[in-house]
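Novice: So the chains spell out like this:
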Amino acid sequence: MIALQSLAAGDPLFAGGLDPTVVLILIIKTVAAFALLMVLVLFYIWFMRKVIADMQNRVGPARAGGRYGVLQTLADGVKLFFKEQSVPDGADPFVFRLAPYLSIIPAFVAFSIIPIGGEVSILGHTTYLQLADPAIGVLLLLATSGIGLYGVMLAGWSSGSKYPLLGSVRASAQLLSYEAAFGLAIVAVLLHSGTLSTRGIVDAQAWTSWDSFATSWYWTVAFVSFVIFLIAAIAETNHPPFDLVEAEQELVGGFVTEYTGIRFAMFFLAEFMNLITMSAIAVTLFLGGPSGPALGFLSATGTVNTWLMPMFWFFTKLLVLLFGTVWVRASLPRMRYDQLMDLGWKWLIEIAFLAVMVTAVVLVARNEAWNRFVVVPAAIGGAFCLLGILRLCIPRQSELIEEEV
Amino acid sequence: MSEVVIFFIMASIALCAALGVVLARNPVHSALLLVTVLISIAVLFIIQDAQLLAAVQVIVYAGAIVVLFLFVIMLLGVDEEESLAEPVTAQRPVAIVLGLVVLAEVLFLAGHQWATGAQQSRGSLQAGDGGNVERVARSLFTDFLWPFEVTAVLLVAAVIGSVVLARRSNKPTIDDEVETL
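So the protein sequences, as listed, match chains S and P.
Each residue of the first sequence is one higher than the one before, starting from 1 at the first, in this note's numbering.
Each residue of the second sequence is one higher than the one before, starting from 1 at the first, in this note's numbering.
Take these hints with a grain of salt, some might be off.
What the hints assert, rightly or not - SDA-like cross-link-like pairs, simulated, lysine to any residue; straight-line CA separation at most 20 Å:
#1 S:LYS346 x P:VAL159
#2 S:LYS50 x S:PRO61
#3 S:LYS29 x S:LEU123
#4 S:LYS29 x S:VAL109
#5 S:LYS346 x P:ARG167
#6 S:LYS162 x P:LEU75
These are computed hints drawn from the structure, not numbers from a lab.
Full structure from sequences and hints, please.
Specialist: Written as structure tokens, this is what we have:
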């Protein structure tokens with residue numbers, strides 16, 4: 001039991017030991033989190049198709065589920081479910097069947113650490129409105145994104161065909177490259193919050209007054225990391241403009257070329273689950289998670305202010321970020337592979353590193369009560385100097401070509 | 001009680017998968033089984049309350065190192081029909097002898113504590129003053145700062161070394177001259 005309790009760490013649900021009600025609550029929470037993620041995916045795909053259709057002056061889905069086509073995704077899912085599944089001759093049958101699960105399970109596990117609400121009371125037990133609050137918190141996200149990579153890699157390899165293999169080699173190189181920038185962007189937030197637990201990070205950004213929007217949420221103090229996080233998160237989830245993994249013009253369908261039916265659907269489900277999880281993580285780390293103004297005229301301990309308002313703020317912020325991903329998808333063309341690698345290795349990692357160093361300097365200055373009007377400009381100036389030196393050291397594209405000739 | 005049950009389940013999974021790593025004919029299957037071993041050991045770390053170690057195990061070993069193994073296997077296209085003939089003939093008997101020595105050492109150390117120290121070293125990593133992560137960080141950046149920094153220098157040296165090795169030299173090689181001819 002030690003293990004379970006220390007994994008759940010702060011959650012007051014385990015304060016009184018493990019009795020059947022607690023187990024029941026855990027099961028309810030797990031099912032609810034899974035259902036929520038599924039519904040969010042269904043909603044997101046519909047939302048994405050509608051918004052892109054609007055941006056391109058089309059109607060978009062308009063048949064299934066009324067004139068707005070709300071049930072279009074469900075109809076597509078049912079269609080895929082009843083399609084024939086095939087395993088190619090050259091495939092490695094076991095790994096071919098395993099790969100979809102390897103990408104969908106980590107996608108769900110990562111979602112379990114997201115706080116979608118405050119502290120609530122279910123069946124007489126106080127608990128956090130999140131599935132798990134491990135002490136290692138954000139590290140779990142990095143671990144699951146590492147495991148999720150196997151799904152893509154093995155899908156491409158086990159198909160026993162050229163295009164999927166190329167797609168999965170691209171995917172693994174891309175994900176490994178952006179994982180560094182992604183992790184460094186998170187570090188800046190961890191320096192500010194001083195804890196890895198997502199609940200702790202959200203608590204550190206609690207809403208006290210209207211200033212909290214700019215003063216206690218981390219998107220202002222860690223703005224550079226916020227931007228890098230958003231770029232790296234889109235690259236990690238293989239979404240446009242970084243969707244080279246499934247570039248139709250070059251690779252047919254990328255790593256999913258040989259997949260049919262529900263297995264194909266599972267890859268797409270995992271991909272959209274990852275996108276939603278990443279947006280939710282961005283909300284948690286940088287936008288205060290469920291924190292936001294409560295309704296002052298209602299009691300602070302009533303159902304509305306403990307259950308509804310935190311969830312309302314969480315989903316509002318999530319919706320804003322998800323709209324941003326759709327917007328990017330509709331407006332930016334896909335990058336070239338060398339541009340992708342240049343952006344990741346030569347810009348994002350460097351800048352993320354410098355942002356972490358500046359953050360550390362600023363935090364030390366705050367603890368030691370140094371004059372911040374001297375320290376902050378000096379730290380930022382120093383970071384720009386370092387960046388300039390690093391840029392001078394990197395050979396320019398023209399020089400590289402000369403060298404090859 | 002549950003600790004013991006989890007230990008036996010995960011330990012048997014780890015052992016079976018470890019056998020599989022050695023016995024599997026296909027290198028990709030071996031790599032997958034290696035990931036299974038690493039993750040079951042991560043679970044063992046969790047029941048020992050070493051959560052940071054478990055996370056790092058999954059992130060670094062499963063998430064990066066074995067991915068690189070797979071990457072190389074895929075790029076080089078190692079097939080199942082790889083020749084099993086050994087270039088070094090004395091390898092097998094030497095490996096058996098060394099394996100037995102290691103097994104004897106492990107069995108010996110399991111019953112004696114003079115090499116690993118008494119069990120009290122485990123207590124200091126448990127919750128109390130800050131969690132597991134804070135405690136590891138504190139000992140890493142105070143008592144073990146020097147080894148930590150030395151390891152960092154070693155890793156940087158390795159990175160620079162591999163970049164230098166991988167970089168093509170500016171001098172034209174024989175191949176280039178043949179091409180220009």
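Novice: Hints first: check each against the structure and report whether it holds.
Specialist: We went through each hint and held it up to the structure:
no., hint, in the structure
1, S:LYS346 x P:VAL159, "holds (16 Å)"
2, S:LYS50 x S:PRO61, "holds (7 Å)"
3, S:LYS29 x S:LEU123, "holds (12 Å)"
4, S:LYS29 x S:VAL109, "holds (13 Å)"
5, S:LYS346 x P:ARG167, "holds (17 Å)"
6, S:LYS162 x P:LEU75, "holds (12 Å)"
The structure shown violates none of the earlier numbered hints.
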